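Asks: Top line first, the protein sequences correspond to chains W and C. Each residue of the first sequence is one higher than the last, beginning at 16 in our numbering. Each residue of the second sequence is one higher than the last, beginning at 131 in our numbering.
Rather than coming from a laboratory, the hints here were simulated on the basis of the structure. Take the hints with a grain of salt, since some may be wrong.
Under the rule of at most 25 Å between Cα atoms (straight-line distance), these lysine to aspartate or glutamate pairs were calculated in the DMTMM-like manner [as the list claims (entries may be wrong)]:
{"hint": "1", "chain 1": "W", "residue 1": "93", "chain 2": "C", "residue 2": "143"}
{"hint": "2", "chain 1": "C", "residue 1": "238", "chain 2": "W", "residue 2": "89"}
{"hint": "3", "chain 1": "C", "residue 1": "203", "chain 2": "C", "residue 2": "241"}
Model, not experiment: these values are computed from the prediction.
Residue-level listing of the chains:
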Amino acid sequence: MPTMAIDDREIHVDDEGFLTEYDEWDEDLASTLASAIGIDELTEDHWKVISFLRSDYKEKGETATLRRVATVGEIPTKQLFVLFPKKPARKMAYVAGLPKPAGCI
Amino acid sequence: MTTTESRPSFVPDFGDEAEDRKIAFVCSKGTLDMAYPALIMASGALEQGVETHIFFTFWGMDMINKETMGELKFTPVGNTTATRQAHMPMLFTAFPGVASLATHQMKKTLDDLEIPDIPTFLSHLSDMGCHLWACKMSVDMFELSEEDMTDDLDGILNVGDFIELIDGAQTMFI
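The shape of chain C in the complex, shown without the other chains:
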């Protein structure tokens, strides 16, 4: 039996009164499959009105380097899920062409789900107010300059400044 209960008037809790939350992601990987998790979670956080920072370091620099950000690859080498799904012995995953094929397949799946490519995703996040930071040490290590990196970048930070900036933030290292 269904009953209809009339309630006193109320509105959804949009958390406007809640204390300001802050979240930070450290992106240290440059493969396609490791690039998306932080971006998708950052998007969710921004939609919830949470102040969001992403710090790119080490191989994660490929995500913001203009030359590489649109060309990230996925390799099934050492990936037990991918080899199971493709019914492929692990040994074959290192063969020439397998990474390109796997990358192509993953990009197609993401595209079918209307998930944007990495450069578009970063612009979308920036439009939502996300702060994007490049790691100073990685910039020096890979001999990059600001011109080499996406225009959506907020700036280059050393670790000390980043740690200070994310005081009180929930932080995830990917």
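Isolated chain W (complex conformation):
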């Protein structure tokens, strides 16, 4: 796996740029990743999504899909499209330092 320097740290990423090591992520890194993809400020609502994704991944071993974030994380799908515009499933996974979701729905 390649690494790249983010915030002066060497971070492991896959070929597309998604983080591969769960424990290399922290909240400061999330802000850097978010601003790199055009999300300038992480609000409380963003953090709610990120925290759910992180804890759900720890428990299940895979990144939650949009529907799972809506049904289990109780965050409405419409809101996800506002918080992480256009491609919420991938963008929120990226900011949360997780692989992109593997599930279809």
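Start from chain W and add chain C according to the hints.
Replies: Quick look at chain C alone, frame taken from chain W:
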């Protein structure tokens, strides 16, 4: 031997700069197994930020008719895969009760995979920004009104308007 290569900083390509894509599905079937493919692909398209339209026509009207949308059935009649999997001679597939049994089994499998039922799926798609359209001719043919159909519907369109609307879209007929 594994080597670790340090790369210049880059971010995943989320395609934000790409030209706007558009995709359309025409749903013309009212059986459970033919209802899901378009919905699952539409969900995938919406997740990718693609503008998505679904046009319901003919038997596909059962997918948006409030009376039938939660009760779609699957029949193994004429289905070589289903009969092989169930070790059932084709002749038996038309017997009373077989369609109910097959439907029950398929619903259970979908439920185990956490795939929502049709009404819930359509709401989920609508929340993702999917456009749902009913075919004007089918509405007239089955004597339906807007009240008879799911509240998630965007409206009723005649074929001409739909064709105009999906100008440039990748289109699939199911």
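Asks: Against the earlier hints, flag every one the structure doesn't satisfy and list their numbers going up.
Replies: none
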